Amino acid sequence: MKDVTRAVSEEVQRERASITSPPDLHRRIMQRVSTAQRPPESIGWRRQAVLAFGIVLLVGAAALGANRLRANELAQTHATPRVSTAPTVHSSAPPSTVPTNVSPRVAFLNAQVGLIAFGDRIERTTDAGRSWSVVRTSVDVRQFVWIATQDVRAVTAEGLLASSDGGLHWRVTNREADLTAASFPSSMIGFAATASGQLLKTTDGGETFSPLHIDVPALAVAFQTPQLGWIAGPNGIEATSDGGTSWRRQAAFDFVGSLPAAGQVDVNGNSGWSIHMSDAMHGFVVFQNFGTVAHQRAVYVFYTRDGGINWLFQSAEGYFPMPTPLAVPRGSTPGDLVGVLAVTGPQSALVLSASTALEQGMFVSSTVDAGQTWHDRHIAGTSGDETAVSGGAVVMVAGEAWAIWYDGSHAYLAESLDSAQTWTTVTLD
Amino acid sequence: MRQSEAAAYKLAMMLTRNPGLAEEIVQEAFVRAWVAQRTPQTYDEFRPWLYRIIVNLIHDHHRREAIERRYVAEPAVADPVSQSERRLDISAVSEAMNRLSQREREVVYLRFFENASHRQVARMVGMNEVGVRVLLHRALKRIRQAIEATPDMGLHTKAV
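As they're listed, the protein sequences go chains A and B.
By numbering that gives the first Met the number 0, the letter at position 280 of the first sequence is numbered 279, and the numbering carries on one by one without gaps.
By numbering that gives the first Met the number 0, the letter at position 123 of the second sequence is numbered 122, and the numbering carries on one by one without gaps.
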């Protein structure tokens, strides 16, 4: 019988090796899965009560811990010597009371003029990043929005800041709390999403906001014109063609269970959602689950080429098990997305990620086929623990690219002069 | 993940011998994994769990087919040319395995597909371990008998 066993085993293995799966099997599975609805998880009232009590205890403990952590971070920020070659021109603001921004941001108007936000400050360059000047402190920036050459906004944890001289001077236009993202199709008309999923509209450049009625929570917003815009959130994508008066549903999701338990944004103000339209027809919607376990920190990439009539699920590699990590936009090295997607063309985009698997360090991944495949480029090592890389951003303007991230103790800026092919990195703080 | 997909497809293909059906079953298996409330959280647990879904889906398919056959009495006509062509590269072992019952085939393939233990196979097919051992023993015995009955294709167990 042993010979039969061996013969059968060999036959099964031979047969297994002779079968090749269809080349687009992965894609077809993902498309099918993306249309499937997850049933809501139901729990009994006893478990709900226990859970609620547990949450109260945890929130109390977390608040206590956060205060200690914040004190430690502030102490560390001021004690850490600056090793960047970038000169500090002035720092007239009072000492910082804002916690260290662990999700640094970068935005460039053109290849010369750019802004970065890290720690508690905004710095500006006018020479393609060779030197930087501190232009604002005590601020926790979540997004820069460049509207015109001189006109730029900063979405912060404390409200909206505006600059009318290209980011040199800033003033608070509005203290609407908990803004997470904004889109300004014109200097006066803008839309902003709040941490609670509300969508606000301004017609006076951000001085005042009024809420708009939407059917799904908006955690990301993108307007191509004052009339034409899209919002995205855990329940789906909606679009308007009349400036936000009426909305139509373009896609339905069920990601609510994957969101941070405490709310719809994490402690760094990241909602995990971003939407980028390169024109009225082409665009990406990206959602990252900020799970605490590596395999839960997954990324979902959707793409449209018809203005959102169809949002295609664009998958790449991902960890198992499902359902959380459906698609991580990585080519070969699974990692965690740390920077929101930078759209560089109708079908091309960059993303910054930190990897703890295979090759460790920071990567910029690029796609030229709307997110179906990604090419990874290792841009820097990290000081040790890649899982501590909590946030960052990547941007490309006129063939020059910048990536910024925070690795738990320092902020780093990497620059590429050859369309994100080769990179050099400096430590910012 | 793609490894899981490829392996799942291969298993489905081996158990169904039908590329279209195999893909349909794999797609459905992943959808079920997606909507499941308690998806196993480790890769090692996930794979056999996925295989069990595949086996169940194949059972469902055969059940549906059996019902349809009751109402559509159209005998399937085998293509003699393709049958004979196929037979040329099929070994005696493979031939013998093809003659097993659906349940026996499942147990044999699941046992040797990834060298699963009897206990793992039992979980995948929803039987107890003893039942799997019995079924496997019976299947291997039938394969041996079939091979020995095939001229010039017996197992060379004795030194020549």
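Quick caveat, the hints were computed from the structure, so don't treat them as lab data.
In this text, all values refer to a predicted model and were calculated from it rather than measured experimentally.
One thing to keep in mind: the hints can contain errors.
[To be verified] Partial list, derived from the structure: chain A residues whose beta carbon lies under 10 Å from chain B:
(1) Asp-2
(2) Val-7
(3) Gln-12
(4) Pro-21
(5) Leu-24
(6) His-25
(7) Arg-31
(8) Gly-235
(9) Met-280
(10) Val-425
[Stated by the list, open to error] So these bits of chain A aren't anywhere near chain B, every CB distance computed over 12 Å:
(11) Val-3
(12) Thr-4
(13) Ala-6
(14) Arg-27
(15) Thr-124
(16) Ser-132
(17) Gln-226
(18) Leu-227
(19) Val-367
(20) Thr-423
[As the list claims (entries may be wrong)] Per the computed footprint, the stretches of chain B lying under chain A, defined by three or more beta-carbons under 8 Å from a beta-carbon of chain A, are:
(21) 124-134
(22) 137-143
We put the CB at the ideal spot given by N, CA and C, even for glycine.
Evaluated hints:
1. Asp-2: holds, 5 Å
2. Val-7: At 6 Å from the nearest chain B Cβ, Val-7 of chain A passes the 10 Å test, so the hint holds.
3. Gln-12: Given a least distance of 7 Å, the restraint on Gln-12 of chain A holds.
4. Pro-21: holds, 6 Å
5. Leu-24: With a closest approach of 6 Å, the Leu-24 of chain A hint holds.
6. His-25: holds, 5 Å
7. Arg-31: holds, 5 Å
8. Gly-235: Gly-235 of chain A check fails; min Cβ-Cβ to chain B is 17 Å, beyond 10 Å.
9. Met-280: Violated - the Cβ of Met-280 of chain A stays beyond 10 Å from chain B, reaching only about 29 Å at its closest.
10. Val-425: Violated: closest Cβ of chain B sits about 36 Å from Val-425 of chain A, beyond 10 Å.
11. Val-3: violated, 4 Å
12. Thr-4: violated, 6 Å
13. Ala-6: violated, 5 Å
14. Arg-27: violated, 6 Å
15. Thr-124: Consistent with the label, Thr-124 of chain A stays out of reach of chain B, its closest Cβ about 41 Å off (over 12 Å).
16. Ser-132: holds, 46 Å
17. Gln-226: holds, 37 Å
18. Leu-227: holds, 33 Å
19. Val-367: Check passes; 21 Å lies beyond 12 Å.
20. Thr-423: holds, 34 Å
21. 124-134: violated (count 0)
22. 137-143: holds (count 4)
Going down the numbered hints, you'll see the structure goes against 8, 9, 10, 11, 12, 13, 14 and 21, while the others check out.
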